[in-house]
Amino acid sequence: MKLLKNHPKYVHFIALLTVFFLLCLTVTPNETNILWRLPPLFAGLPGSINGFAEHLMYDWFPVEIYDPELEEYETSALVRELTRGFSRGVLFCIEFVREILLGGVKTIVVFTSWDFVGDNKWAVWPALPWTVVSGGVMLLGYALRGKALALLAGLATAYIAIFGQWEPAMETLSFVLIAAPVSCLLGLFLGAVAYKSKAAETILMPLLNVAQTMPHFSYLIPVMVFFGVGDHAGAIATIIFATPPMIRLTLLGLKRVSLEVIEAGAMNGCTNAQMMFKVLIPTARRDILIGTNQVIMQCLAMAVIASFIGAKGLGFNLLLALNQLRIGQALELGICIVLIAVVLDKLSLAWANKQTDYFADYRFVQRHKYGIFFLVFLVACVMLSVLGKFIFAGGINYFHLIPHNQGITTELFWQSGVDWMVENWYRGLQTFNNWLIIDVLMPMKTAYLGMPVSATFVLVMGIGFIIGGLRSALIVGGLLLFIAFTEWWDRALITAYMTSFAVLVSALIGIVVGSLCAQNSFASKLILVVCDTLQTFPSFIYLIPVIMLFGVTDTSVLIAVIVYATIPAVRYTVEGLSSVPATLQDAGSMAGVNKLQRWVNIEMPLAFPHIMLGVNQTVVFALFMVIIGAMIGTDDLGQYILKALSDKNGIGNGLMLGLCVAFLGLAVDHLIRTWADQKKVALGMA
Amino acid sequence: MRNLTRSFAVALSVTLASVSGQAFAEDSSKPIVIPTHNWSSQVVMAYVIGGIFENMGNNVEYVPADTQAVYEAIRNGDVTISHEVWQSTFGASFYNAMAKGGIIDAGTHAAMTLEEMGVPQYVIDDNLCPGLPNWEALANCPEVFATADSGGKGRWLEGPQSWHGDQMPERLAGLGLDDKYMVKFAGSADALWAELESAKKERRGVITFNWTPNFTDAEGFVFIEFPEFFQGCRVGDGGDGACGSPKGWLKKAANYKFPKTHPAAYTAFSKISFTSTDIGQMAALVDIDKMSHQDAAKAWLAAHEDVWKPFTE
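Those protein sequences? They're chains A and B, same order as listed. Take 1 as the starting number for the first sequence in this note's numbering and just add one per residue. Take 687 as the starting number for the second sequence in this note's numbering and just add one per residue.
This is chain A alone, in the form it adopts within the complex (with noise of 0.2 Å):
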């Protein structure tokens, strides 16, 4: 009695338990038996959302469109007809920015014909050196930030060309210059009018909170269905990904910025879209430039999925080398794209931070100096082009421009590493590999099967109920109810399954390795930097050396899955120890903790709140790489979706299969956040 009165939610949740368990135990695996799997009432849906999706795009509204072509008449759909105009348009915006960096005859085309650039052979635009593009590059560093910007734009660049990737990494870079500003911009937008209206704040926000879990193979066939193949869809499908991070940023940073701020702009005047842009967007800087940081690594993260339909680029070359086994190659593409975000992330940053001098009077020449001396640059690099092209004659014009893979290459070593490997380590980690399949994963995955989809329902409602009471267990309640009610409920227990064993160990491996990063500020700036490396080296690669020495099994799958789902809980556990006032720090030095003390009664408590926001980016990570462990092999929810791009249904299974893994997300994420909520106010943080 007294222990219920002191600890009511341990005995609430030991109660949870029991019931649970009873649960587990007295039902019968029947597929008729309603308390074991609920009747798969949502199994017409996909084909109605499919049959709806097909009709919009090719009965709906028709129109005769006029083909020059044919020179006849034939009748398309007006969804077909705008989207299509609106992907050209992309189109046009990509080739463009391509054509300056690397040559072409599209643009062109776009303002004559296909027939005036056969007729006139001279109609083409000429590629710039890379040396110019480079230095260009340099020049911005310098100009914007200093002489350590400009160090590393030109050691990336040098790197990207003297490897011979300068192609890849340009049609690359020119879809990652569309598809980033326009995130950005619409993140900044939407999330801006989400500031200003609260209903425009309802209905984004569950929008974001689904577009955020739902792994990004789900929606690649509707995309291209409305839009076409191409670095297009690309693009669009990069700005689905990359926005919703930048609209969250963005509205939190807006409703920090305090009133005292908002009203010194009242008193000045200010109308609204001063308000809007001289006040509030500068004063949350911060956040917003945060949000660019995520925009940035999430266009180039999505730069291998989007070769999937059609980008062109480091992704599809990546891809290529890695059927092929190249894991060098492989891994000096990834680099290559580590690299772009790197420098674009900083270059965005310090334009970003750069203060307007309004006092300055400068002559002409001093304020256009980095204009002019580019121009000079841009004369001497095609100059030295031009003498390129006697210096190799008939070979490879090293000052122009390196042709794929004719660089110089680290792939014998790193080949010759991975050999290495397999051939030394097979055995020993065979041992291990047989004792987690036959003793610790095969039994879990039974155990999850096994589960009665009422004792499920018990215990994820029961917790809800217990940290957020009656609304928490509803909405989990429901969301689970959506995919009890699909034919993929086993499927997705497999998903949650492997999740949750990659989170606890993530989890693990995060708090530790940031605790003891955190204890010094050079190890937590370095641990940080390699958080961002991981998080947008294309996760691929190493998914190959993986099979090679666990085979394919869910060893594989989970291993990959530990090493991108880590990087969350690092991160948040660096930047929750290291946000700890150092006031507090002091007290309890005063009081004489030791070390161990200190993390465990003062640093652990106050930080364990954002720690479990890093939890649950675990989990939100975990379930992404679950999804992409389809291509190595598994029979969970991920096989499905990978198997919607050839199916009948497939935008209508795509989808639904992609709103399960969400909702699983949202679930969990609604859990956690309930409760770290609360405890931050206990904390008295909030």
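By construction, these hints were calculated from the structure, which means they are not laboratory data. Don't take each hint at face value.
Only pairs whose alpha carbons sit at most 30 Å apart, straight line, appear in this in silico DSS-like list of lysine-lysine [unchecked claim]:
1) A:K196 x A:K445
2) B:K870 x A:K121
3) A:K648 x B:K786
4) A:K445 x B:K870
5) A:K106 x B:K995
6) B:K946 x A:K106
7) B:K995 x A:K648
8) A:K648 x B:K943
9) B:K839 x B:K870
10) A:K121 x B:K984
11) B:K716 x A:K106
Chain B is nowhere near these chain A residues, computed Cβ spacing over 10 Å in every case [claimed, not checked]:
12) I34
13) Y159
14) Q212
15) L387
16) L493
17) L526
18) V552
19) N601
20) M631
On a predicted model such as this, the values are computed, not experimentally measured, just so you know. For each residue, glycine too, the CB sits at the ideal point set by N, CA and C.
Model the placement of chain B on the given structure of chain A, informed by the hints.
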């Protein structure tokens, strides 16, 4: 005079007809969009066919696309052709798209394909399972092919489930091998190659799905000889599934407008018919000689004019 006018009119109409006929026969200058997938022979062949089209004066464009999703794209006209439609792997996607309309069958390559379960050459050489490649030998050595997650049974490593659904598990059941073997679905072709590469280093037994012509032909890969395929043997067609794969076709597909917009290119495309040797040569230039895909295509086109020139005539 009247005669003259009439003959003039006839001559005029004949000229007009031939002019307009010629106008129809001329290919549009709009680029032909060719998809590239993630394996060497396909990419090289894309550039080879692109090279043939360019030789005929057409504009060509390449776009990376997913192997399964590409048929939907052809149907919608975003991609013009596909030049490697493998019967058992992409047949389902191809016919699904065809049922919806917009995609046409543009003929078949001379190359016969085989897509079947098999073992690397060393499994035979080392006699890991005596009696192979006859399937009946499998019954005596499941332990050679067992893995940690196969529960003591031998493992068949199949391609992704999207390739042939449950054909392999059904075949195991039909052959009465299902108490000794299980099927694991790999998620992608890459996973198959990684497993083969890893197994080769250890020279351990492994049964995987594979096909020919493929780059694995160079190192030797032996397909298991199952009971011969016949119509109606598969479970979907009412049989018990106890048969191997048929010798398969390798087809070409095109968007339905392609014959109208590019009649000459379409005629050439429908005539294109590569043999297993041609495909092997294309893949070898990249996989063995380590050329880039574009260079490999150029080299192949230069060396084999006798093969491809007739297609364009």
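Results of checking the hints against the structure:
This hinted pair does not check out: K196 (chain A) and K445 (chain A) have alpha carbons roughly 47 Å apart, beyond 30 Å. Distance restraint check for K870 (chain B) and K121 (chain A): the Cα-Cα separation of roughly 55 Å exceeds the 30 Å cut-off, and the hinted pair is therefore not satisfied. In summary, the hint linking K648 (chain A) to K786 (chain B) is supported, as the alpha carbons are separated by about 9 Å, within the 30 Å threshold. A hinted pair counts as satisfied when its Cα atoms are at most 30 Å apart, and K445 (chain A) with K870 (chain B) qualifies at roughly 16 Å.
Of the supplied pair hints, the one linking K106 (chain A) and K995 (chain B) holds, its CA atoms being roughly 29 Å apart against a limit of 30 Å. Proposed proximity of K946 (chain B) and K106 (chain A) is supported: the alpha carbons are some 23 Å apart, at most 30 Å. For a cut-off of 30 Å, the pair hint linking K995 (chain B) to K648 (chain A) is broken: about 39 Å separates their Cα positions. About 23 Å separates the Cα atoms of K648 (chain A) and K943 (chain B), which keeps this hinted pair within 30 Å; it holds.
Restraint check for K839 (chain B) and K870 (chain B): the C-alpha separation of about 11 Å stays at or below 30 Å, so the hint holds. Taken as a hint, the K121 (chain A) and K984 (chain B) pair is honoured in the structure, with Cα atoms around 21 Å apart against an allowance of 30 Å. The suggested pairing of K716 (chain B) with K106 (chain A) holds, with an alpha-carbon distance near 11 Å, which does not exceed 30 Å. Here I34 (chain A) stays apart from chain B, with its beta-carbon at least about 28 Å from theirs, past the 10 Å limit.
With a least beta-carbon separation of about 20 Å from chain B, Y159 (chain A) lies farther than 10 Å from that chain, consistent with its non-interface assignment. No beta-carbon of chain B is positioned within 10 Å of the beta-carbon of Q212 (chain A); the least distance is around 24 Å. Remark: the non-interface label on L387 (chain A) is consistent with the geometry, its nearest Cβ contact in chain B lying 26 Å away (cut-off 10 Å). In this structure L493 (chain A) is separated from chain B by more than 10 Å, as the shortest Cβ-Cβ distance comes to about 17 Å.
Against the 10 Å criterion, L526 (chain A) stays outside the reach of chain B, whose nearest CB is about 32 Å from its own CB. A beta-carbon of chain B is positioned within 10 Å of the beta-carbon of V552 (chain A); the least distance is around 5 Å. With 10 Å as the threshold on Cβ separation, the claim that N601 (chain A) sits away from chain B holds: the shortest Cβ distance comes to roughly 43 Å. Not every CB of chain B lies more than 10 Å from the CB of M631 (chain A), the least distance being 4 Å, so the non-interface label is violated.
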